[in-house]
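Got two chains here, separate frames each, mind docking them using the hints?
Here the protein sequences come in this chain order: A and B. Here the first sequence stands for residues 1 to 275, numbered as in this note's numbering. Here the second sequence stands for residues 1 to 326, numbered as in this note's numbering.
Do not rely on the hints blindly, as some may be mistaken.
Quick list of simulated restraints, FRET-style, between CB atoms [stated by the list, open to error]:
hint : chain 1 : residue 1 : chain 2 : residue 2 : range
1    : B       : 133       : A       : 145       : 41 to 49 Å
2    : B       : 133       : A       : 40        : 14 to 22 Å
3    : B       : 216       : A       : 27        : 32 to 40 Å
4    : A       : 105       : B       : 123       : 23 to 31 Å
5    : B       : 59        : A       : 146       : 55 to 63 Å
Every beta carbon over 10 Å from chain A, so not counted as near; a handful from chain B, in silico [stated by the list, open to error]:
hint : residue
6    : 44
7    : 56
8    : 60
9    : 76
10   : 141
11   : 169
12   : 196
13   : 204
14   : 223
15   : 263
16   : 276
17   : 290
18   : 293
What the hints contain is simulated information worked out from the structure, not anything from laboratory work. Computed from a predicted model, the values in this text were never measured in an experiment. Built from N, CA and C at the ideal position, the CB exists for glycine as well.
Okay, here's what each chain looks like letter by letter:
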Amino acid sequence: MSAPGSGPGPSPRPSPADAPRDAPPARAPVFSLGDLSVHFGGRPALSGVSLDIPRGRIVALIGPSGCGKTTLLRALNRMNELIPGARTTGSVRFDGAELYRPETDPVEVRRRVGMVFQEAALFPGSVFDNVAFGPRASGFRGDLHALAEEVLTAAGMWADLGQDPDVPAASLSAGQRQRVCIARALAVRPQVLLLDEPTSALDATATARIESLVHSLLPRLTVVLATNDLRLAARSSSVTAYVDRGELVEYGPTETLFTNPSDERTESYLTGRVR
Amino acid sequence: MAGEHPMTLSDAPQGVPERPPGAAFRGPETASRSLQERLAGHFFRLCAALAALAAAAVAVTLASETALFFAQVSPVRFFTELAWTPVAEEPRFGVLPLLAATAQITAGAAVVAFPLGLLTAIYLEYYSDPRADGILSAALVVLAAIPTVVYGYVALDFVTPALRNIWPSIEAYNGISACLVVGIMILPTVALLSRSALKAVPPSLVDAGLALGASPGRILVRGILPAASRGIAAALALAVARAAGETMIVTLAAGNQARLTWSPLEGLRTLTAYIAQASMGDAPAGTLEYRALFAVATVLFAFTFAVHALGGWLAGGRARQGSVRQ
Chain A
1 MSAPGSGPGP
11 SPRPSPADAP
21 RDAPPARAPV
31 FSLGDLSVHF
41 GGRPALSGVS
51 LDIPRGRIVA
61 LIGPSGCGKT
71 TLLRALNRMN
81 ELIPGARTTG
91 SVRFDGAELY
101 RPETDPVEVR
111 RRVGMVFQEA
121 ALFPGSVFDN
131 VAFGPRASGF
141 RGDLHALAEE
151 VLTAAGMWAD
161 LGQDPDVPAA
171 SLSAGQRQRV
181 CIARALAVRP
191 QVLLLDEPTS
201 ALDATATARI
211 ESLVHSLLPR
221 LTVVLATNDL
231 RLAARSSSVT
241 AYVDRGELVE
251 YGPTETLFTN
261 PSDERTESYL
271 TGRVR
Chain B
1 MAGEHPMTLS
11 DAPQGVPERP
21 PGAAFRGPET
31 ASRSLQERLA
41 GHFFRLCAAL
51 AALAAAAVAV
61 TLASETALFF
71 AQVSPVRFFT
81 ELAWTPVAEE
91 PRFGVLPLLA
101 ATAQITAGAA
111 VVAFPLGLLT
121 AIYLEYYSDP
131 RADGILSAAL
141 VVLAAIPTVV
151 YGYVALDFVT
161 PALRNIWPSI
171 EAYNGISACL
181 VVGIMILPTV
191 ALLSRSALKA
201 VPPSLVDAGL
211 ALGASPGRIL
221 VRGILPAASR
231 GIAAALALAV
241 ARAAGETMIV
251 TLAAGNQARL
261 TWSPLEGLRT
271 LTAYIAQASM
281 GDAPAGTLEY
291 RALFAVATVL
301 FAFTFAVHAL
311 GGWLAGGRAR
321 QGSVRQ
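Here chain B stands alone, though its shape is the one from the complex (with noise of 0.2 Å):
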């Protein structure tokens, strides 16, 4: 370092400290400010308290009923049986064909989402003129705006029948007009949060780029989606959390058979089709069906919040790695 002193925005050497993020009204002049000040303040932890509540709340029902049904069935039958009948005479639990199909679609729909998405928002963002990017990023919002059920819907009576062009064979509800429609649904959250991870690299890194007489697929390819992959990881799995976790389009679309296939042509019943059917009503409380509803659930959830939470730890890092900037 030489004597050098790293000067960074963040640490400056000296000098007032940096006051923490949401203390500008935590001092301690506290003693001296008014009831209602003071009364104001709590109601304002109240109801940031519900959000928690909340979560907890739904954890702590999830996790109770999982327990009372792993009383019942074992976790080993649950993680490794490979049929999934709750209702038949001797029924049987076991999650993989419901784990494998959320897994189908919510990669087909990613495999459909990535290159679309990431071309996109190269393209928005590198490429386009003001009038393209205008039309462009409106026509994603729409995208956005489109309620599941009409992707449901329109997957189920436009995408299916054109697919049966290709393949005569294939079945009214089928694995594959899932992933086209899901990986429709999550292209806009794709294209616009990785649009954001190459907004973030800075301009002069581009710049520098073609100051060293590099091609502009050159500083793209070796400079830009480096410096954004983070950022651009994050925006997959943010948008692979909600493929995991969207119900109406795969039920609609891919129907309600719990079947082991590795056929994009037939039907499947992913967790949240067998989780939207069962808690439909047909499961009085109390009784196991009604009980792998909730086992279901939790898996689900670990899921996608697995996922989420990868999401966003890639997302709040980005600013620690990628394009190295001052």
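Just chain A, same shape as in the assembly (with noise of 0.2 Å):
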């Protein structure tokens, strides 16, 4: 928590604890992040981010279509910088240790911090192509079968396939090549996942199997989860962050925030009033 609480965010530093603070003392926020600006060509997409990601948990990222949801998630594992004209300014504690030094290599962040995107595009081949692709680029020696058997399983696809990954990804439902993304994510081992609007082309049911799969990942896996689904970022997330026109309006407990939330553009958003 060293990350200095000094960008002109709206609410005072947000800790979310929402959770009772049953969980170790020595459990640091995984994410710290600090005055964090993101522009790009120039052009303000996320103005003083100041926030903690908790440990273990789900965190959500609501907020209108355009107002920066996604560009804080991509700050995360620095997918940003492969936006030409991209400059990223502030801070970002990764476990402690700035994710935006130098010296750093965004190959190993992203393979720490792993991203599942709102379009499930798979790669040509077989499911288990798809994820052998992240444990082959690292030079993983291991038994490549049994990592894709673990994360189609943690995925809730083992079943799905018939226990046969080498099913051609194309034959797939929105819904099932949406886990195979995630498994794919998983099978990298990364401490933390990035939900960029997972759920937004899919139905009901595919849905609801896509949020308990990301439960269950909990709390080895920390997740942030940016949605555009105000039930599901209200069901599932433990800590919810409302961002507007680039800049956090409010920080909290996902139950206070959608209950009563203490700002009124976080009200008029829950709402569906036109501000």
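In structure tokens, the structure reads:
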């Protein structure tokens, strides 16, 4: 919690302890953001965000489309810098170490902080090829088949595949593809999983399966979920951040934020009022 | 599936069925439409039918003259004899020298255009900055706009003399200059169509690869190229069809000597070059030589049609394969 709380963030620096502090006090946050700003070609996309992401929980990022949720998410595994003209300032500490030091290898960061995208795009080939993609890229020497079975089971896909990971990826339904995407991300054994609107193209049943799958990953993993689905955010997360126009408007325990938001902007968003 | 509904944009499970494309003005309210509206519909149909009529007329002409040719020359001789001397004292009608010349030049052009075109497409899509993209894309469009007669002239007067520095024995008309210049001519087709195939790969596939800690090279080779392979193959097939039908460059660069040779330094006569030369008027209608022209045209048509159809099928099926997206 050493990040300076000096950002122009609206609310006092939140320390999301929704959770009764039953966890050992040594459980430091996974991420500590201090005055994080991201500009694309000089245009601000995120300004002065400071927050802590608690370990082993689901943190939801909500807010209108284009508000900066995805930018915030992508700041956590240094994906923004792949966009030409992106500039990141401020501090992101991951497990206590500064993520944006020049000597930090972004590839190593992305292996530890996995990501799943809205569009469940799979590589051509089989489900196994997809799941093996990350481990192969990092020179994995162990038993790939055992690893595939493990992560596909964790993603609730092993039974769907009839225990045969050589099924062509193209034959799966949208919800199954998204679960394979999650299995693929798990195969590199990340500590954190970033989910960018993972259910926005799915129906309620498929969404529910993703939701329970994500829950089953706790508390070994920390999950950050950017979503437009307010009910999903309310049901699944323990902490929620409301982002609007690149600013962190409100951050706190999900229940409090949804039932008793302290900022008027959060309230109008949650109630669907047009400001 | 465990009770999960596969949900895709194309098969919505319920609701109003999607209107088939092209049926917008074809509903049952036709009867209530004014005479003018109905006449307009018929007029449009007539215009559309012209293309089909033209294709049918070409096919019928080709087929009937070819049939007359084969009544006089057996197809076995046509496809097995190794000489094409239609105006000789004892004419021989072996199409193989022409077919081999077309195949050699087409293959040579593909060897030139495919790697260059694909690597150009990869550079433009994934590595170039907007400025370089603008300049190079414009250059490709210019390349595509150069008339083939100019390409032919370049081959004859610039490429062949330059090649003479490497191979002093090269003939004035030769296969290799035709390969190089036809390759450059189809380069824009390969590059621009391959680029559209790459563009069709969802950016989130690239992001997914990066988020898995893969290097750009690995993502390209193991992810993007397999996903785009069908579209890239279609680009190549369409370019090859163009190369096979190319006439002006091959006539000017490779000449018009029907001979079976594998030497790229010697002159050749392609199917198209023969047709161009023979149809200039020295074959009176009704003669065997005149009909031979149609037989050769049929072979060429079959070849380009097959390659074209393959390309179209590959391009059309692109959505079904490759990167799996919802």
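Taking the hints in turn, this is what the structure says about them:
A C-beta distance of roughly 43 Å is found between residue 133/B and residue 145/A, which places it inside the suggested range of 41 to 49 Å. The beta-carbon spacing between residue 133/B and residue 40/A, approximately 19 Å, falls within the hinted interval of 14 to 22 Å. Roughly 36 Å separates the CB atoms of residue 216/B and residue 27/A, a value that falls within the hinted 32 to 40 Å. Restraint check, residue 105/A to residue 123/B: a C-beta distance of roughly 26 Å satisfies the suggested window 23 to 31 Å.
Between residue 59/B and residue 146/A the beta carbon distance is about 60 Å. The supplied range of 55 to 63 Å therefore holds. Here residue 44/B stays apart from chain A, with its beta-carbon at least about 38 Å from theirs, past the 10 Å limit. For residue 56/B, the condition that its CB be more than 10 Å from all CB atoms of chain A holds, with the nearest at approximately 38 Å. No beta-carbon of chain A comes within 10 Å of the beta-carbon of residue 60/B; the shortest separation is about 42 Å.
Taking the minimum C-beta to C-beta distance to chain A, about 44 Å, the non-interface status of residue 76/B holds against the 10 Å cut. For residue 141/B, the requirement that its beta carbon stay farther than 10 Å from each beta carbon of chain A is met, with the minimum near 24 Å. Consistency note on residue 169/B: stated as away from chain A, and its beta-carbon is indeed over 10 Å from all of that chain's, at 48 Å minimum. Separation of residue 196/B from chain A is adequate, the least Cβ-Cβ distance of about 17 Å exceeding the 10 Å criterion.
Here residue 204/B does not stay apart from chain A, with its beta-carbon only about 4 Å from theirs, under the 10 Å limit. Consistency note on residue 223/B: stated as away from chain A, yet its beta-carbon is not over 10 Å from all of that chain's, at 5 Å minimum. Listed as a non-interface residue, residue 263/B keeps its Cβ farther than 10 Å from every Cβ of chain A; the least gap is roughly 41 Å. With a closest Cβ-Cβ approach of about 43 Å to chain A, residue 276/B is found to remain outside the 10 Å limit, as its non-interface label requires.
With 10 Å as the threshold on Cβ separation, the claim that residue 290/B sits away from chain A holds: the shortest Cβ distance comes to roughly 51 Å. No Cβ of chain A approaches the Cβ of residue 293/B within 10 Å, the least distance being about 46 Å, so the stated non-interface status holds.
Violated hints, listed in ascending order, are 13, 14; each of the other numbered hints is respected by the structure.
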